[in-house]
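S.K.: Sequence:
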Amino acid sequence: MTTIELGEIDSAPEAEPGTEFSHHLLRRAGVALALLLCLFGAAGSTRGSPPAVRPLWTVPTAEGDGTTFGTDAVYLQRVTAGEARISAYDLATGAVRWETKLDGTLGYTQLAEQAGLLLMSVDPTMSDGSDGGRPGVVSQATTALDTRTGEVRWTAPGEPTMIDGRTALMIEYTTDRVYTRVRLIGLEPGAPRAIWSRDTPGVESLAIAPGKVIMVGPNGLINVLRFADGAQLAQARVRWDPVDEERGEFNNIAAAGDYLVVNRARQERSEMTVYRLDTLAEAWRITGTDRGYAFPCGTGICFNDGDNLTGYDPATGRMRWTQAGAGTWTAGPDRVVIELAGNGQLMIDAETGRAVGATGEGATVWNAEPDEFLIVLRATQEPVGGTAVTRWDLATGRRDLLGAIPGLVVDRCQQLAHYLGCYQDNEFTVTAVG
Numbered sequence: 001m002t003t004i005e006l007g008e009i010d011s012a013p014e015a016e017p018g019t020e021f022s023h024h025l026l027r028r029a030g031v032a033l034a035l036l037l038c039l040f041g042a043a044g045s046t047r048g049s050p051p052a053v054r055p056l057w058t059v060p061t062a063e064g065d066g067t068t069f070g071t072d073a074v075y076l077q078r079v080t081a082g083e084a085r086i087s088a089y090d091l092a093t094g095a096v097r098w099e100t101k102l103d104g105t106l107g108y109t110q111l112a113e114q115a116g117l118l119l120m121s122v123d124p125t126m127s128d129g130s131d132g133g134r135p136g137v138v139s140q141a142t143t144a145l146d147t148r149t150g151e152v153r154w155t156a157p158g159e160p161t162m163i164d165g166r167t168a169l170m171i172e173y174t175t176d177r178v179y180t181r182v183r184l185i186g187l188e189p190g191a192p193r194a195i196w197s198r199d200t201p202g203v204e205s206l207a208i209a210p211g212k213v214i215m216v217g218p219n220g221l222i223n224v225l226r227f228a229d230g231a232q233l234a235q236a237r238v239r240w241d242p243v244d245e246e247r248g249e250f251n252n253i254a255a256a257g258d259y260l261v262v263n264r265a266r267q268e269r270s271e272m273t274v275y276r277l278d279t280l281a282e283a284w285r286i287t288g289t290d291r292g293y294a295f296p297c298g299t300g301i302c303f304n305d306g307d308n309l310t311g312y313d314p315a316t317g318r319m320r321w322t323q324a325g326a327g328t329w330t331a332g333p334d335r336v337v338i339e340l341a342g343n344g345q346l347m348i349d350a351e352t353g354r355a356v357g358a359t360g361e362g363a364t365v366w367n368a369e370p371d372e373f374l375i376v377l378r379a380t381q382e383p384v385g386g387t388a389v390t391r392w393d394l395a396t397g398r399r400d401l402l403g404a405i406p407g408l409v410v411d412r413c414q415q416l417a418h419y420l421g422c423y424q425d426n427e428f429t430v431t432a433v434g
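Each residue of the sequence shown is one higher than the last, beginning at 1 in our numbering.
If you're looking for bench data, these hints aren't it; they were derived computationally from the structure. The structure displayed is predicted, hence computed values, not measured ones. Every clue listed holds true.
Below, simulated EDC-like cross-link-like pairs (lysine to aspartate or glutamate); rule was C-alpha separation at most 20 Å, straight line:
hint, residue 1, residue 2
1, 101, 123
2, 101, 151
3, 101, 83
4, 101, 63
5, 212, 172
6, 101, 65
7, 212, 199
8, 212, 258
9, 101, 146
Modelling step: build the complete structure from the supplied sequences, incorporating the hints.
M.R.: If you want it as structure tokens, here you go:
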């Protein structure tokens, strides 16, 4: 049985654009053949069974192109000379379903699959925040395409900040990314249906909780609205410290179940205060913490200060557990992935903080909705120039080497169930995994 030696991931060397039957393609074919031979036993396949890693199809791309995954399709956005082109490909075969051209440029794209619509923010502009707004990219309108045909259905003001079934919460901004209006629309094929709308003068922060929309103004006035109809559920004023971007002092909010976390970051320390969402009464607070950020994890609240991750009971503030680690992200309802300095990644149970499986090296592929497993990618040492693909089970933490693909494709990949999509060398490739 041949063993693949795994090493640290380096940046991929820049490749010359491929031409038909070029030396570049011959080299890639040779690497692919070597990887297949080396991984015949490592992937655990039996005679006659399909390989655990199977490249399915590839399309040419350019810098700045974007993709959106659906359950059975991939939508590729390209912009050339001021013209945007959107192509829909069958996820399993790569067959082109439709192509649509639009004038102008595109921002980010979100899929409203239940409504059968692809929502694309159009003509994005950059705000530097110099006029009292927030720095970042803003679009003034969204265009909806029919996911079956590519036909333009409608264009509406604002950007979708959350899609829930057949509804979308739209945010409207000034050109400096200052909130002006929040509204909920029904995603209809003919035209968007207005459900509710509220002007948002002075709103600085916005968060979404199950069934609720939370807005905070610069004076600390919090409004909690019911998501379904915009009715006000609670209102209160809390302490909201002055923002000083030069000193890195700010406030931010995060919703965690039935609670709202307000994190006040000062130059040397932070204060985290938790409020009940039904009344906005203060539940508990922790002062003197290191600077960091809070997020929901499991049934609790997690706080990452850059060196450690700590889990708290949302009702009482009791510390449930603490784990050393830097970067963290939630991988499903009860799992958190922690980056350990120099020791790879560790998966922990969000309720107990206990390790689920052992630590392991590699880069985890982004997955918006983790289900059974995550995909981890690592560079191969023998043969050089490939990427090993590992299945990381969310229930047990077990890691199983599935196989490898040619080239270093770690940086720009995403996972949807048993499909892996990666950009490399001006191409986008979809691979079946697991």
